[in-house]
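Undergrad: Please take these sequences and the hints and turn them into a complete structure.
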Amino acid sequence: MTKPQKNSAAGWRPLLISGPAVLWLTVFFFLPLATIVGISFFSRSDYGEITRPLTFENYQRLVGFGFLGFDLLYPGILLRSLALGAGTAALCLLAALPLAFFIARLGRCKNIALTLVVIPFWTNLLIRTYAWQIILSPESPVTRALHWLDVGAAGEALYPGWLALSLGMVCDYLPFMVLPLYASVEKIDWSLAEAAMDLGAGRFQVFRHAVWPQILPGALAGIILVLLPATGQFVIPDLLGGAKTAMLGNAVQQQFTQNRDWPFGSAISVVALALVLFGLWLYRRKNGGKEIELA
Amino acid sequence: MKPPGKLLRGTALLLYFFLYAPIIVVVIFSFNAARYGVGWTGFTTKWYAALADNPLALTAAKNTLVLAATSTLIATALGTMLGYGLKRFYFPGQKFFQSVLHIPVFIPDIVMAIALLMFYELAHHWLGWFELGLTTMILAHVTFQIPFVAIIIQARLAGLDPALEEAARDLGANEWQTFRRITLPLIFPGILAGAMLAFTLSLDDFVVSFFTSGPGSQTLPILIYSSVKRGLTPDINALATLMILASLAATLALTLLQRKKAVHK
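For the protein sequence lines, the chains are A and B, in the order given.
Be aware that the first sequence starts at 1, since it is given in our numbering, and climbs by one per residue.
Be aware that the second sequence starts at 1001, since it is given in our numbering, and climbs by one per residue.
Only pairs whose alpha carbons sit at most 30 Å apart, straight line, appear in this in silico DSS-like list of lysine-lysine: (1) A:K286 x A:K187; (2) A:K244 x B:K1229; (3) A:K187 x B:K1002; (4) A:K286 x B:K1095; (5) B:K1087 x A:K187; (6) A:K290 x B:K1095; (7) A:K290 x A:K187; (8) A:K290 x A:K110; (9) A:K187 x A:K110; (10) B:K1087 x A:K286; (11) B:K1002 x A:K110; (12) B:K1006 x A:K110; (13) B:K1006 x A:K187; (14) B:K1046 x B:K1229; (15) B:K1229 x B:K1062; (16) B:K1087 x A:K290; (17) B:K1046 x B:K1062.
Rather than coming from a laboratory, the hints here were simulated on the basis of the structure.
TA: This is the structure:
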């Protein structure tokens, strides 16, 4: 507790300053979240309304116990979304490493090179995503070159599918990985690498034991920044992935548009939310109780 | 550190090209004469002219700007106050609130959209409040903007030299004067950066807008999404190019602003 305040105004002033935003987020963020947690335990009436009885059925369906016996559809979607998030994070890390080292080694152009990475992030995600439909359409040179390499069927577009989905995801999330990674790369103490080399370590050993541990915090922050939003992505799988690669986000959308099953859609949302909270909690634990730095 | 070698330089260039490929493609094809498909049939600017006569696009543009401007104004005020309050004052539940402030940032936007939609629907059902439309969209946008603004303000406050505020107090300034004359000018670049980010987030948002919009409150991202779903049309490329230009201008402004901040330090 703080020391007792001499000034009687100090008691209500903090509430006056933080209060409006706290109230706003409570009403328009935490209350709605509580609402979907509540709805997720209700049933759906034949007309698509929320009704009693209270049930765990929505969650049972999610782990595979549907009304028609064991059904792998939703566990599959759950695993696929996690795989998409993890795969995107891994590919982004792989692509961000050379970029981060490249930028760190530039002289005066550093800031320009870094800004060039950030600019795409400021442009609309929807636009950057549908552009891949143009790039991977049947007539485009890229598609023809890939057809020549035996990727995809001749004369057909390369979307929807996993290739288009991966390209779109990595392209959209790469800036989120480069920024924290670069922050770590720039702070590397190269005398450690030199010491390792003097002691006879090979190039890989130097990277593995003298460089990697130093950039690990940045990599971890980047992984969280990519993994969490990527797992719940809706637009990119919707435009580039197609029905075969339906993800958590698409499943949620379907329950609220076509199926009109609000309780089940809420249950899927609650699981997606739980995954995010788990990720944040895990990161905090690994990071010595500190939040991820965003600014 | 030694300058990048050939291999590293080549890889980095390829990755930059990969990052910019979608943007370049959209801009190029906004000048393509072909009505259907993506074969190049000649240079034209007719899609830009067509845009000016498209009432749907004009209404969507107006809605987008009203939504972004209103929500940014509210969120910047509330977010700045929250960032300052959390950093400088103690109140019950403050620690808890500080640690949950990151949840809105990381939550999948579709989950937030659905939660708000359900909340609006139930409130409408029972109380008759929150008819879906521009107002519900503004309320939703402010909600995801506040945490970003607050986090930026907190970072800015953390980098402040406490001696400056102490000096003001030692010279007899009261709390309000200290804030008004010392703290506010010092965190002002942070407030501007926060507002700029909030504005961009609003312009960029499709998912939350899509689920909280009503009839007549279509925005540009919603328009683009429905066009893409129906099959690409070339005038959407023209619209997208204009939006890309707008964000480029905003990024440039923000970069210059931050450079000024760096000089300040």
